[in-house]
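J.: What follows is the residue order along each chain.
2 protein chains.
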Amino acid sequence: MSAFKDLMAFQHTTEALAQVAGRLGWDQETMMPRGAVDQRAEETAAMQSVLHSRRTDPRLGEWLAQIDASALGPVGQAQIRHIRKSYARALKVPADLAKTIARVTSRSQGQWAAARAAEDVKTFLPVLDEVVHLKRLEGQALADGGNVYDAMIDDYEPDMTAAELQAMFDAMRPRLVALRGAVLDKAPAPKLSGSFPEMAQMDMARKLAQTFGYDFAKGRIDKAVHPFSSGSGHDVRITTRTSADDPFNCFYSTIHEVGHACYEQGIDAAYALTPLGEGVSMGVHESQSRIYENQIGRSRAFTAWMFGEMRARFGDISVADAESLYKAVNAVHRGYIRTEADEVQYNLHIMLRFDLERALMAGDLEVADLEAAWNDRFKADFGYGVDKPSNGVLQDVHWSVGLFGYFPTYSLGNVYAGCLHTALRKAVPGLDADLALGDTSAATAWLRATVQIHGGLKTPAQTIADASGMTPSPEPLLTYLEEKFGAIYAL
Amino acid sequence: MSAFKDLMAFQHTTEALAQVAGRLGWDQETMMPRGAVDQRAEETAAMQSVLHSRRTDPRLGEWLAQIDASALGPVGQAQIRHIRKSYARALKVPADLAKTIARVTSRSQGQWAAARAAEDVKTFLPVLDEVVHLKRLEGQALADGGNVYDAMIDDYEPDMTAAELQAMFDAMRPRLVALRGAVLDKAPAPKLSGSFPEMAQMDMARKLAQTFGYDFAKGRIDKAVHPFSSGSGHDVRITTRTSADDPFNCFYSTIHEVGHACYEQGIDAAYALTPLGEGVSMGVHESQSRIYENQIGRSRAFTAWMFGEMRARFGDISVADAESLYKAVNAVHRGYIRTEADEVQYNLHIMLRFDLERALMAGDLEVADLEAAWNDRFKADFGYGVDKPSNGVLQDVHWSVGLFGYFPTYSLGNVYAGCLHTALRKAVPGLDADLALGDTSAATAWLRATVQIHGGLKTPAQTIADASGMTPSPEPLLTYLEEKFGAIYAL
Chain A
1 MSAFKDLMAF
11 QHTTEALAQV
21 AGRLGWDQET
31 MMPRGAVDQR
41 AEETAAMQSV
51 LHSRRTDPRL
61 GEWLAQIDAS
71 ALGPVGQAQI
81 RHIRKSYARA
91 LKVPADLAKT
101 IARVTSRSQG
111 QWAAARAAED
121 VKTFLPVLDE
131 VVHLKRLEGQ
141 ALADGGNVYD
151 AMIDDYEPDM
161 TAAELQAMFD
171 AMRPRLVALR
181 GAVLDKAPAP
191 KLSGSFPEMA
201 QMDMARKLAQ
211 TFGYDFAKGR
221 IDKAVHPFSS
231 GSGHDVRITT
241 RTSADDPFNC
251 FYSTIHEVGH
261 ACYEQGIDAA
271 YALTPLGEGV
281 SMGVHESQSR
291 IYENQIGRSR
301 AFTAWMFGEM
311 RARFGDISVA
321 DAESLYKAVN
331 AVHRGYIRTE
341 ADEVQYNLHI
351 MLRFDLERAL
361 MAGDLEVADL
371 EAAWNDRFKA
381 DFGYGVDKPS
391 NGVLQDVHWS
401 VGLFGYFPTY
411 SLGNVYAGCL
421 HTALRKAVPG
431 LDADLALGDT
441 SAATAWLRAT
451 VQIHGGLKTP
461 AQTIADASGM
471 TPSPEPLLTY
481 LEEKFGAIYA
491 L
Chain B
1 MSAFKDLMAF
11 QHTTEALAQV
21 AGRLGWDQET
31 MMPRGAVDQR
41 AEETAAMQSV
51 LHSRRTDPRL
61 GEWLAQIDAS
71 ALGPVGQAQI
81 RHIRKSYARA
91 LKVPADLAKT
101 IARVTSRSQG
111 QWAAARAAED
121 VKTFLPVLDE
131 VVHLKRLEGQ
141 ALADGGNVYD
151 AMIDDYEPDM
161 TAAELQAMFD
171 AMRPRLVALR
181 GAVLDKAPAP
191 KLSGSFPEMA
201 QMDMARKLAQ
211 TFGYDFAKGR
221 IDKAVHPFSS
231 GSGHDVRITT
241 RTSADDPFNC
251 FYSTIHEVGH
261 ACYEQGIDAA
271 YALTPLGEGV
281 SMGVHESQSR
291 IYENQIGRSR
301 AFTAWMFGEM
311 RARFGDISVA
321 DAESLYKAVN
331 AVHRGYIRTE
341 ADEVQYNLHI
351 MLRFDLERAL
361 MAGDLEVADL
371 EAAWNDRFKA
381 DFGYGVDKPS
391 NGVLQDVHWS
401 VGLFGYFPTY
411 SLGNVYAGCL
421 HTALRKAVPG
431 LDADLALGDT
441 SAATAWLRAT
451 VQIHGGLKTP
461 AQTIADASGM
471 TPSPEPLLTY
481 LEEKFGAIYA
491 L
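Order-wise, the sequence lines are chains A and B. In this text, residue positions in the first sequence follow our numbering: the first is 1, and each later residue adds one. In this text, residue positions in the second sequence follow our numbering: the first is 1, and each later residue adds one.
If we strip away everything but chain A, and leave its shape as in the complex, we get (with noise of 0.2 Å):
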């Protein structure tokens, strides 16, 4: 089988590549001069070149021919999956067309916040203009006269089509509305108020990924405008964010990240530097995130062991006891932001975002349309209009970028953590007292060796019903919910 090892070594200096280019982008928010804007531009786009290039080698197409995956094991056997289906993936987008996308979206991503911070949707429509145009043309030549959002989606959950998403909204939209009905303005929630100085909010964010179990020898926490993690093997670096006002954003962010980290961290070694060697979709990904930040970091034993260390650092923070607590970080509330909405809307803002996306990828939907569009379906699922465009329209990077057929798999974590949480209970059946001392330990250690250490081994969808023995639904997220916030808001 020497195809089999030339074929593996070139993949692992792709695989180091990918490594340094994402660190690249790291580097871009957090480190970066802002003077150097377009140079860095020139330096992503000739990065994306080289993977480019590789992805698309001849060589590739010759050694996938020689080698009979058959007679290899069931790691082999994914590996040759995965790299097959990158090869044919790159093949279909003209290098030319990858290139651009790639030198556009790296000025884009400035460009956005700009508009953002400036409340400016007008300037920064040419803009987005063309990132949809190109990421149309990307589309197209991915599903090679197929459905282009489902070859989109592709990109981020591998085997997940718009019909199945679709299905899975409708299932959980009227019982998430219902829910919101029940409990939206009940009851006021505690309110933090007091003083948080950056400083302390940033020892408590690494404590806080310390008690998740993130290895700072193989990563740093950073401060940038968006909380993000990035990386794979024995380099995932986290960023979260303060606010004088509100901690809850920082540490929430934090654990969030750390999720997403600590699937990382925890894939086999042995899969480092190839293409098993990183969370195997968006979806689970963001199942990872979404279990650490909410079914564990937002429930009623953790948020006590919270109570105590926020009291340590903050001294008075206008919130009476552990109980008080739970009800702030768990408060339903009306908000513009996606980022900051609580777990029973948050997948009301995805489904907003799902159908205007679709509509753009689909051209029935243009962008001098989109902040209408995006006004009009807000009020009618929100019931209050859009005050401003940061709240609105601009409030997410990701479609400066080109992230398209990505807000979905958010949900789909969601979805998938409340699967896995319902697992997790049962295989750790006294967690609650563990998490009471701020020892998440026992939950960790069962993601890891359910989910985590099998990086790209499975397909996302196996790699959720193995872990979780059922078959993804919607139906344990709901629950979940339900009982949670019925037991909040006494209903």
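Keep in mind that the hints were calculated from the coordinates and are not lab data. Among these hints, one or two may not hold up.
Note: identical chains are not told apart, hence a pair may lie in one copy or across any two.
Here are the computed lysine to aspartate or glutamate pairs in the DMTMM-like style, where the Cα-Cα straight-line distance is at most 20 Å [said to hold, decoys possible]:
no., residue 1, residue 2
1, Lys458, Asp154
2, Lys458, Glu340
3, Lys379, Asp57
4, Lys218, Glu42
5, Lys191, Glu309
6, Lys122, Asp376
7, Lys5, Glu42
8, Lys218, Asp38
With chain A held as given, fit chain B onto it using these hints.
T.: Just chain B, lined up with the frame of chain A:
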């Protein structure tokens, strides 16, 4: 000239990738988590392998063959000269050797740092032996039957030879030794003491960088174990370090690196991401860092301004007046460490390394005997014995990462700085009045216009000759040193 256009487009991508590789090195020294060392070695090797493929790409040969350089202007001709040279060089080194060197030297730097911290030469010897072995092989491939060490010098200082450097050192040694003999231990230098908090040192470092014209919009300053400058064009980053007892370490390291960085930032923007878009040689680079640091930064006029700035930040510094501070920063003192050496003795440290590394590369000295050779030579040159490896053979990072032929460019830079300083003083007769107010702008503007802006347009020697109006020689430096230290020590 479509061949020229294609060549330059290809080169543009290569230059952008080289910037990415450089930034990866910066990250390794400033940001990388310690557990990522092995993965980083793979990433670095992957980048070097990509760069090596591009630098040996057969299309380069085809384009170069098609281009009639005489039909190009001077800028185009210089571009072709650089690319032709780089292509010829790259073809000489086998790809596997280049990749192995990249991988080994990525790890060896950390191994050197650990060995130095543990004063453990023995553990480090096999590592260094491998580096020396690999670099000899590379040198032999580059020399192609000629002088191995000359071939290695050429990587850092094009058109320079060991024989020319030897002649330069021969001219310098007796006068430097005589000067040292006349001043060493003659008068106790005023000694700084006080409280120098890290934050205040870094604040002063930023102030100094600004004072010397460093553009923070296109760079940043971080702390690292070793001060360095990294990157070209619009993203030129520097590092510095702080020492609780010795703020001069921080301040002069900063000014030194600012000299390097201002050179890169000062190059004609039209040359960005081309072979002309970076400093033309290490010697010319060092001429900028040294003239910023010494001829300007350690001048009587500038240190008078520094005295005020230091008093404002640190209060009582146990140095009574500006004149005493001038003497303190120019004290000719005993010491083992090259980077802490005074202007009089610095080049003697280089001569020691120059002779030892020539012998190493020629095979006249083996790594097993290197520590003894260093210690014998140090005793002979400085009159006292090395007390521990971190003060001797383990003090510099260079050899651990395969930089052979690099050390002599430091002295060459001093010599070039001497020539430039003579011309600068003629061009800006009132400079000292500016410097006494902390205004370096006339000096830096002159250096920018005469040296920095040209980037790689001319040869190194021509760059200095045109800027200084003289054929480069050690004479101006030696005269400057004799006058300056003669006055300080009242000879």
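J.: So, for every hint listed, does it hold in this structure?
T.: Against the structure, the hints:
For the homomeric pair Lys458 and Asp154, the shortest alpha-carbon distance inside one copy (15 Å) is at most 20 Å, but the shortest distance between copies (52 Å) is not. When the C-alpha separation of Lys458 and Glu340 is checked against a cutoff of 20 Å, the pair qualifies neither within a copy, at 32 Å, nor between copies, at 57 Å. Proximity of Lys379 to Asp57 under the C-alpha cut-off of 20 Å is found in neither arrangement, the shortest distances being 49 Å within a copy and 58 Å between copies. With identical chains, the CA atoms of Lys218 and Glu42 are at most 20 Å apart between copies only, with a shortest distance of 15 Å across copies and 29 Å within one.
Within a single copy, Lys191 and Glu309 get their C-alpha atoms as close as 17 Å, which meets the 20 Å cut-off; across copies the closest is 48 Å, which misses it. Proximity of Lys122 and Asp376 under a CA criterion of 20 Å is satisfied intra-copy only: 18 Å inside one chain copy versus 73 Å between copies. Taking the shortest alpha-carbon separations for Lys5 and Glu42, only the inter-copy value of 17 Å comes in at or below 20 Å, while the best intra-copy value is 33 Å. In the homo-oligomer, the alpha carbons of Lys218 and Asp38 lie at most 20 Å apart only across protomers (11 Å), although the nearest pairing inside one protomer, at 30 Å, exceeds that limit.
When held up to the earlier numbered hints, the structure conflicts with 2 and 3 and fits the remainder.
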